[in-house]
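With the hints as constraints, model all of the structure from the sequences given.
For the record, the sequence lines run as chains A, B, C and D. Numbered per full-length UniProt numbering, the first sequence spans residues 1 to 389. Numbered per full-length UniProt numbering, the second sequence spans residues 1 to 389. Numbered per full-length UniProt numbering, the third sequence spans residues 1 to 389. Numbered per full-length UniProt numbering, the fourth sequence spans residues 1 to 389.
Worth double-checking, as some hints may not be accurate.
Each pair may be met inside one copy or between any two copies, as identical chains are not told apart.
As the list claims (entries may be wrong) - Think about it this way: if two alpha-carbon atoms lie no more than 30 Å apart in a straight line, the pair counts; the simulated DSBU-like pairs of lysine-lysine are:
{"hint": "1", "residue 1": "K192", "residue 2": "K384"}
{"hint": "2", "residue 1": "K384", "residue 2": "K218"}
{"hint": "3", "residue 1": "K381", "residue 2": "K196"}
{"hint": "4", "residue 1": "K5", "residue 2": "K48"}
{"hint": "5", "residue 1": "K71", "residue 2": "K5"}
{"hint": "6", "residue 1": "K218", "residue 2": "K176"}
{"hint": "7", "residue 1": "K48", "residue 2": "K342"}
{"hint": "8", "residue 1": "K218", "residue 2": "K381"}
{"hint": "9", "residue 1": "K124", "residue 2": "K384"}
Derived from the structure by calculation, the hints contain no laboratory data.
Number of protein chains: 4
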Amino acid sequence: MMNRKLRMGMVGGGTDAFIGAIHRLAALMDNQIELVCGCFSVNPEISKESGRQYFLPEDRVYETYQEMFEKETQLPEGERMDFVSIVTPNFVHFAPAMMALDNGFNVVLDKPITFTLDEALKLKDKIEETGLTFALTHTYSGYPAVKQAKQMIAEGRLGKIRKVFVEYPQGWLSSKVEDAGNAQASWRTDPKRSGKAGCMGDIGTHAHHLAEYIMGLKVTEICADLNVLVPNRLLDDDGAAFMRFENGAMGVLMATQIAAGEENAIRIRVYGEKGGIDWEQMEPNTLKVKWVDQPMQVLRVGTSMDTAVAAHNTRTPGGHPEGYLEAFANIYKNFALTVRAKANGEAPTPEMLDFPGVEDGIRGMQFIDTVVSAGYNDEVKWVKFGEEI
Amino acid sequence: MMNRKLRMGMVGGGTDAFIGAIHRLAALMDNQIELVCGCFSVNPEISKESGRQYFLPEDRVYETYQEMFEKETQLPEGERMDFVSIVTPNFVHFAPAMMALDNGFNVVLDKPITFTLDEALKLKDKIEETGLTFALTHTYSGYPAVKQAKQMIAEGRLGKIRKVFVEYPQGWLSSKVEDAGNAQASWRTDPKRSGKAGCMGDIGTHAHHLAEYIMGLKVTEICADLNVLVPNRLLDDDGAAFMRFENGAMGVLMATQIAAGEENAIRIRVYGEKGGIDWEQMEPNTLKVKWVDQPMQVLRVGTSMDTAVAAHNTRTPGGHPEGYLEAFANIYKNFALTVRAKANGEAPTPEMLDFPGVEDGIRGMQFIDTVVSAGYNDEVKWVKFGEEI
Amino acid sequence: MMNRKLRMGMVGGGTDAFIGAIHRLAALMDNQIELVCGCFSVNPEISKESGRQYFLPEDRVYETYQEMFEKETQLPEGERMDFVSIVTPNFVHFAPAMMALDNGFNVVLDKPITFTLDEALKLKDKIEETGLTFALTHTYSGYPAVKQAKQMIAEGRLGKIRKVFVEYPQGWLSSKVEDAGNAQASWRTDPKRSGKAGCMGDIGTHAHHLAEYIMGLKVTEICADLNVLVPNRLLDDDGAAFMRFENGAMGVLMATQIAAGEENAIRIRVYGEKGGIDWEQMEPNTLKVKWVDQPMQVLRVGTSMDTAVAAHNTRTPGGHPEGYLEAFANIYKNFALTVRAKANGEAPTPEMLDFPGVEDGIRGMQFIDTVVSAGYNDEVKWVKFGEEI
Amino acid sequence: MMNRKLRMGMVGGGTDAFIGAIHRLAALMDNQIELVCGCFSVNPEISKESGRQYFLPEDRVYETYQEMFEKETQLPEGERMDFVSIVTPNFVHFAPAMMALDNGFNVVLDKPITFTLDEALKLKDKIEETGLTFALTHTYSGYPAVKQAKQMIAEGRLGKIRKVFVEYPQGWLSSKVEDAGNAQASWRTDPKRSGKAGCMGDIGTHAHHLAEYIMGLKVTEICADLNVLVPNRLLDDDGAAFMRFENGAMGVLMATQIAAGEENAIRIRVYGEKGGIDWEQMEPNTLKVKWVDQPMQVLRVGTSMDTAVAAHNTRTPGGHPEGYLEAFANIYKNFALTVRAKANGEAPTPEMLDFPGVEDGIRGMQFIDTVVSAGYNDEVKWVKFGEEI
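Here's what the structure looks like:
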């Protein structure tokens, strides 16, 4: 019986990084996981100092991820890490993830999954080959209100789904901050580190994932319009797409990082024959449900969400707001429950398995390929999802 | 000196109609206009009964608009109407408007201006030929907060404009109510009475007009996606468009009438280099202004709107909400002020002239032509504004 | 048969006044009333100029209200006014109202009804004696959402009512604007023109009226705390009260005019055993209904309000916001329907009679007396409603 | 140098408890604290099972808190706990807290601090005598937006403070759930376990604390109205108070647990001469700042909050909402930083020391005494804060 906390290692996530801190908060809050080792930076000094601040023994702070996997493998089972969180820029996702799996470690990976679709497909093969557990941190599907919405739609409460609007406006790239020393902006706007898409890869993928997750439907075709609206930027910083879904539903996706003054305003509205749902991430505990034939209802996390899956992913009673970190933590919690169940020879329940995985990562890479194919040129076309033209 | 109320006649607007009642409320509230005559319905009984309920003498209630124009012309100047409001379905706009102008009456016309672009162009010639005053009731640009936003952008407070999102979700056509006796739905979904577009003509034109009005920029190209999402409907009930503007700004327009549970949620967000504005018609007295480098401001009608044009179009102090009827009334008020100024040999001020006119109507017809050309086929294309393909 | 518009005269409401303009807008929009005469100011020049701007003939603009009542009485029935709107400061309410009634004119009176309770009681006797129709413009009970709430409570949908919070924060008196030439502030803070209460008379009475109207319950006892928070002001500019209701329900009322930055934020929340309602005047078309055992519902004017009384007081379909002027107009509309019905020998329906009258005015005066008795001294006490101590 | 995580023990907080889970989440998320031992329930089976679920070794799960303090004291310094979190009902606060201090352990205590004021005063003496660190979990002052508001007021940005409205409506006691097996309701409505006040002790104290914290001002006098609105309840379930502050500012406090349909809607509005702030806990990342002479500003956590103290208590960038658990965690984080600084012989910074302590607890007990004295009788009076009558 695995009757202990899971042991986490990290690649990336030094004291100078943003998303690594989020991963630690999310991993630790539920008392299911402890941080035991890491290679926190390509800069060994930063890595060491980070290890100190995270209260790790010096011999569990490594200079390279290769060293980490090698040395951790040699530790006795009762000490070595169970899984690694990889929180590096996009172009350093594939190699450490493959090596982790090859060495028998489960993996949590920040999105987008890899630099190219091809890498993602290889990763999928490796995951299947090893039987290890893999999570991709598409945070927004971790919110209980989102899970409530997905379940309501799956149960047919809104009738046949016809339409989705998913939007993701941000404003932080509305000037050329990548030239002013913003490290986040620097790699995200650089094709060599970010990949073939900018805004669409960074946040468009979140919007696409959220839509498919909530609707329970796949996009089949996309017509897009990608723009560079801040002069001399190399990758798209703004875009929109028309989307066709497998059941005939239509969608509009907007993602932009030049909406000056916006924070992180991802929102989704889905309409069926009987009604619609409306969820805004910046007020995440509220799910508006609009009906053709009765007043709008305001469902609230912890109070009036009526699905088991929402309850499973909620920590506080109604009116005690949960937020982004708790949504993030739901991915870690369910990942940990799954790893523990498998370690104990039990089948993980559907609720445990409800976290994004490699298939979601592959669809994300295909989304990037498709919008880029469909949207960077004057000859706009409907492009079949996953096909480049 | 014209020192009296303007005298209004009506074509349409019987007791069984929707928009006619709105026109009367809007026209009368400011004590600038009185209703003196009308031909309120093609059904003479309804027309007569309507006249009674509007407290008109029997001899000023006519059976046809032709009769009305003829008889009113014969009345002495001190009695006959000054202008006519035409509030009939789209296919009965052009003929009465032309006849009114030919008989020397100023005209207020519900939108869209005509059934075809060609009619709209002829109407423009007639207006120029006669020198009469013409207003088109694109209501949403009548709101003081919208005028404040337009003025702020014109003054460059947001910097160069880069992006607009304009959306107009409604839900009232989410089932096939035109088959269940809904008169509004019946003519609006019928190509013979509504024209070549459904949703895009009915509400997409409002969204397009609002965007161009606020931004002070013209659309130059459109790529669209129009859909029929309720089976067996003859005209689009849903759609979206990518838009390019003359200054290089990009836009996304969404309009749908099948968003089950939505009321009349037209909203516009415009972003420039320095910040953005956000206005929602269903909370019309609030204008959110978001900034790159300072907290969001919430401008309020009657309190913190700082432009003369907003003040000119406001009746109440802050916190005493104005609404749709007051926005509508602003069109009538400014129209009346313009007619009176011209009657008195004075030049109308820019504030008086700030109501939609024939040019807006023509752009609306061109918008319909363009989105229909760009959006009803699988071979999506960028279409130059006003060009059919 | 009275088959014509009602003819309105005005006392007060010159071009330099605030509330008079509101009354005209409200009276005129529904095409039920026309303005025929007035004595618009104590300053005859302002009165004359006002008459010109309101397009009245010179001989219907009077120098004094005494002259107006006298001369109008002498006009033939087909010309003379039917009712008078009195929109002067509080201390000029009683005399013109009495004289109007004595001369056979119906009366609309701005609130608070009179300067003293004694005057209000005399007015009541006069109204009963003459059988004329009298309306008091407590605007906030004119909103359709408020009427919906009242009806829902009357039907017992919330169960037994236990609690009310009614609040009315304004900020316009947060500095001593009465010393800086603000005419509104000048008389409202002057005991000689406003009466024995400032804030509590001006807006506390609105809050009290709204609570009793919605709850359908009378206040029986009050314990209050009135304050002068801007130094050297002569009347209360801030206050609060605990209230006991006839059924045992408890209430808290807050009214302040020194809440810096607030506009006109009257809000009421009422809770019963099964749920509660929440209405905010600055978003007046929304009524939140909260339930113990199901999700909150958002009822919307024109869409999901399900009572006949809400429909009777609504002009536009859902999503076309109505506002303060329409609420005000509901008082005038129902007053006019009542006057016409009585003129035609018909019994006014309950919906026609649903406007505030002399009893509401008397309760307002009693409220002022009670809070002043209970709240201006250090020896706070529960005071029986209507009793001075 | 204490270069390790702080070691936490718990009294209470078994798997069947509510607030204990919150404490653990809050304590653990920042990677500053680890749970090492506990006595989680008076029921030894629950305590043991809880220990297993929290992954503790069996020998660190105790049957009584007395045993825990005794045995932990005997452990070597490198193993034994550093502090204890006491999360039991009110009547089991004082004894374990005193014993913990006597045994040299720092203490985190849930509010209200003790059962009686006398106990609280004794606790204060003990804390001063031992020099240990003590935190009281008044969660709501842990929010970064609250700290921003406090700092803005301290800097005089709103001018002299005149008025506060603080309200705390809940609905969970709107029926007699204590008779239906609700354990939370059972002890909170029982004078023997909760103390002399119900609603005012449970949530009124939060409201009072929040007001004094944000305003930086002490209440000097209170006039209150406490009610039992659900029949046969033994303690107040509803109440309100007028409050006078040391600088002459006035306040209104409302707290109720019978507002059917409400969740946990604590809200505070403070007004000064120049403007006001408005904060609602259920949307905690937004601070509205209203001004006399400029548009309302909406300050946002992570984006436009401009104080160092807000930044110190924020984990995520703007638009990634933080919530209740993060506010709670701020108390633990600052407590841990203080304990560590003191262990290392350093003076804690003011930011570290910014968590509620014994003085806040004493004021809470005095608040309860005062409102109960002032509000349970018909002879309402102004009672000096801390005085019983």
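Cross-check of the supplied hints:
1. Taking the closest pair of Cα atoms, K192 and K384 come within 30 Å of each other only inside a single copy of the chain (26 Å); across copies the shortest separation is 36 Å, beyond that limit.
2. Taking CA atoms no more than 30 Å apart as the test, K384 paired with K218 passes inside one copy only; the shortest distance there is 12 Å, against 32 Å between copies.
3. In this assembly of identical chains, the alpha carbons of K381 and K196 lie at most 30 Å apart whether taken from the same copy (19 Å) or from different copies (24 Å).
4. Proximity of K5 and K48 under a CA criterion of 30 Å is satisfied in both settings, with 24 Å inside one chain copy and 17 Å between copies.
5. Taking CA atoms no more than 30 Å apart as the test, K71 paired with K5 passes in both settings, with 21 Å inside one copy and 24 Å between copies.
6. Proximity of K218 to K176 under the C-alpha cut-off of 30 Å is restricted to the inter-copy arrangement: shortest distance 27 Å between copies versus 35 Å within a copy.
7. Within a single copy, K48 and K342 get their C-alpha atoms only as close as 33 Å, which misses the 30 Å cut-off; across copies the closest is 25 Å, which meets it.
8. For the homomeric pair K218 and K381, the shortest alpha-carbon distances inside one copy (19 Å) and between copies (24 Å) are both at most 30 Å.
9. Only within a single protomer do K124 and K384 lie at most 30 Å apart by alpha-carbon distance; the minimum there is 22 Å, versus 45 Å between protomers.
Checked against the numbered hints given earlier, this structure breaks none of them.
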